[in-house]
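Each chain, written out:
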Amino acid sequence: MRYLPHSDHERADMLGVIGASDIDALFSAVPKSALKSFELDLPAHSPEFLVEAHMRALANQNHAAGDGPFFVGAGAYRHHVPATVDHLIQRSEWLTAYTPYQPEISQGTLQMLFEFQTQVAKITGMDVANASLYDGSTGTAEAVLMARRLTRRNKIVLSGGLHPHYRDVVKAYLKDDPHLECLSPSPEGQGDILDHIDSDTAAIVIQTPDFYGHLRNVEAAAEAAHAKGALLIVVITEVVSLGLLEAPGALGADIVVAEGQSIGNALNFGGPYLGLMATKKEFIRQMPGRLCGETVDADGNRGFVLTLSTREQHIRREKATSNICTNSGLCALAFSIHMGLLGEAGFVRLARLNHANAILLADALEGVPGVTVLNKTFFNEMTIRVTQPAAALVERLAQRGILAGVPAGRLLPGDPEVENLIILAATELTTEGDIAALCAALTEELA
Amino acid sequence: MSMNNQGRPTGVGTAGTSASGSALLPDEPLLFEIGDTEHSGVDLPEVKLAADRLGGFARKSKLDLAGLTEPEAMRHYVRLSRLNHSIDSGMYPLGSCTMKHNPRLNEKMARLPGFADIHPLQPVSTVQGALELMNQLSYWLMTLTNTAAVALSPKAGAHGELLGMMAIKAAQEAKGEAHRTIVLVPESAHGTNPATAAFLGYTVKPIPARTDGTVDVQAVKDALSPEVAAIMLTNPNTCGLFEPQVIEIAQAVHDAGAFFYCDGANFNAIMGVVRPGDLGIDAMHINLHKTFSTPHGGGGPGAGPVVLSEALAPFAPVPFVRKGTEGLEFVEHIEGNALGRVTAFHGQMGMYVRALTYMLSHGADGLAQAAQDAVLNANYVKARLQHLFSVPFPDYPTMHEALFDDSFLKGTDVTTLDFAKALIDEGFHPMTMYFPLVVHGAMLIEPTESESKQTLDRFCDVMAELATEAKSGNAERFTAAPMKAPRRRLDETRAARQPILKWEQPADLPKAAE
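As they're listed, the protein sequences go chains A and B.
Numbering-wise, the UniProt record's numbering puts 242 at position 242 of the first sequence, and it's gapless, one number per residue.
Numbering-wise, the UniProt record's numbering puts 246 at position 246 of the second sequence, and it's gapless, one number per residue.
Only chain A is shown next, with the shape it has when bound in the complex:
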């Protein structure tokens, strides 16, 4: 067995040193009825080439995004990841390190997290960021709980433009708390969340660009929330948008949560992803998750450690700010390398390229008979209304090799209002040829 170093001879020697007759003697605390009391209906070990063949056969049954025109978004985005990123994150010292519990021999991971926190703070326009959370959706739920701790108020209002999966995660974390108000999705434009803020409101949660691709007025939301003593949580599922859109921190957001997958991380069928969270300096002690801080060592040299862990479960146990005991370290590394490679110039250019391609897509779709683009504003994603049920149409396009977008009904089942809506995204990888192919196929299918 290629991963196990012992020979039978060595095993016998070791048992001799231990003074055990056989391996079962080491399992003597296990009740007899439960020890090796079964035959597992599972195959025996397999050579590398056969395992590889099995996995490749499974992979080949999937239609990869790169196999044809691709417009699927709605919370996960296909961007180009420079080869350098994947090469670097596979270096052993990054890939196979653990949580930096021994900072003296974990300075690589710690300095990277410090740089990552700085990058996230800069793009969101906030004072501080943590070292990442599981993903954007769980980060949103954590932000809601954080707002409750900060304000000691209960009411939470979720905008209808919040990604429905994110809404569902918040509902699960809050166990359908009656103080949670989820507004109805509004595919046509701005909702009326500002009318739902009162003196009992801990926070309102808005997403921009929202689930349908519309840009939301963060500044107006911040003013309305703050006027009632509530906090504003801004959720961003497409972090590339921050290269072109005003930073939420500059517009008055109190907590910013984002899905960081777009930078440095592949689609991966939904995970692993990367939750970004940033907030104001005065709120750091209520922010969940790991934090890396700068300090000095015994020689006075700059170094980095995990810090403010008194908020966390391994110290506070049942009083901890959350039960999280990990972060998305390797995904944060990929983000940080990609962001480092982009830099200011590259990040802005990437955002402009995304927006430009989305404009091409929107204009082309407007020309397809039977298609209406609902967005007046957007970054790289938009919603169209078609003249027939969207799910079946998207399926037929997929059979033609075109992954056309997400039927809104997939995320909002049973809502007749969204049955004919498709959400489409363009990125820097979208070509004019892709757009032409989509529009030609749509024209035929809708004729």
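Source of the hints: derived by calculation from the structure; they are not laboratory data.
Warning: the hint list may mix true and false statements.
[As the list claims (entries may be wrong)] Straight-line Cα separation of at most 27 Å, DSSO-like style, residue types lysine-lysine; simulated pairs: (1) B:LYS60 x B:LYS48; (2) A:LYS281 x B:LYS60; (3) B:LYS60 x A:LYS280; (4) A:LYS280 x A:LYS228; (5) A:LYS281 x B:LYS471; (6) B:LYS175 x B:LYS205; (7) A:LYS175 x B:LYS175.
Following the hints, put chain B in place on chain A, whose structure we already have.
Only chain B this time, still in chain A's reference frame:
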């Protein structure tokens, strides 16, 4: 490099010049100190936006993001990587963390475009291979644990724990027993256990450990009442012991109408050898990143699928895969079930690929052998060191981790922490210290099945030599350690009292490369 009183570097080598230190022992400046807002390692075409569709929300504030060209980035991250200890560079015997070898085949498979380059919301008909993979992984997990259902989606062990306890809560409510508000948690539990129970609104009632390090079935019986919703028990426990009365505990818990949540962080010790379902567990998370070797990546991502008993299976969250008339179907929405969804999309697909690759490579026989070797290695370390170190719970063989306490250091002026730091100078990552909390000055050593006898012997020799040295009165070697690491001991108090959590442009230095 000298430091000003903010702990910031001053003088040469900090403002856009190259790194100080040698290539073999790098002292790497921050990205922002070597980068430049005009440098970029990515070539992208410039586009003119004649009229944007941003509705007046375009950015006006400065980004001020440093960039690196590709060679600069390569060197920065390679040099930083050299400041990390990793499982590929040396033994990493962190108890309760399971740092085992990460086969590179797993990485290669996870990067196949058919797995890495598929979108969670593309049509289900175009991802049948992905669903089949989830189905196969589920089958392996249910078979190895003898349970009725599995929820794959949790993003990490603690997230799985949360989901498992949510399922228990939902099941209690469905039975009309929402009045059950207490969760029993042994004192030796991981800190996430009480945090999870409290998070869900439960009152945590601790169960003391017996003097032999295990949980007493009588103590559990005494604590059970009609208000108890569940027990959260780690098995094998955090002292490295298999709970000998686990079946009786499960029986007592069930008799009282409560559920048995098992923290499965230590499944590595028993996979293929003992099935938790046979012990009476109702829910257990499995850390794919520990047991099935998906790499830890400096702190994550993890993956924490939860297996569920028949009683809890109806309360599994979405999404899940099931057989449909035209291939596999994805159930993404549940009608009438309160539990719903704990993460957007379907969980850690990248980890599913790695875990299934690992399982197929080992097979049922190899997984059992791996568990047995992990237990053998831990007992070997214990046997070789027990004459020099103090073993708090000697009554049972240890499982996959060997626990010592610090009583052997009494009167030496050397603390457990000092001892651990001295190990760094000898080329080993220290063991887990001060955990579990039930033991004073705990040292928890988990060699895993990846370590050869030769490595274990070297480790034990070093441990023995250090113990002898500590007892002989040479405290300096310990209190000054580490001497040979990239950094000496770091001031953690200062980091917490005056938090510096991001880089700021020093006011007295010119902006990098401007």
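For the pair we were handed, LYS175 of chain B and LYS205 of chain B, check the Cα-Cα distance against 27 Å.
holds, 22 Å
Below or equal to 27 Å on CA atoms is what counts here, so check LYS175 of chain A against LYS175 of chain B.
holds, 17 Å
Against the 27 Å threshold, does the CA-CA distance of LYS281 of chain A and LYS60 of chain B hold or violate the hint?
At roughly 22 Å apart (the allowed maximum being 27 Å), LYS60 of chain B and LYS281 of chain A satisfy the hint.
Within a Cα-Cα threshold of 27 Å, do LYS60 of chain B and LYS280 of chain A meet the stated pairing?
holds, 20 Å
Take the C-alpha atoms of LYS60 of chain B and LYS48 of chain B, compute the straight-line distance between them, and say whether it is at most 27 Å.
The hint holds at about 18 Å.
Quickly compare the C-alpha distance for LYS281 of chain A and LYS471 of chain B to 27 Å and report which way the hint goes.
violated, 47 Å
Proposed proximity, LYS228 of chain A with LYS280 of chain A (alpha carbon, max 27 Å):
Holds, because 18 Å separates the two Cα atoms, which is no more than 27 Å.
Going through the hint list in order, the structure does not satisfy hint 5, though it satisfies all others.
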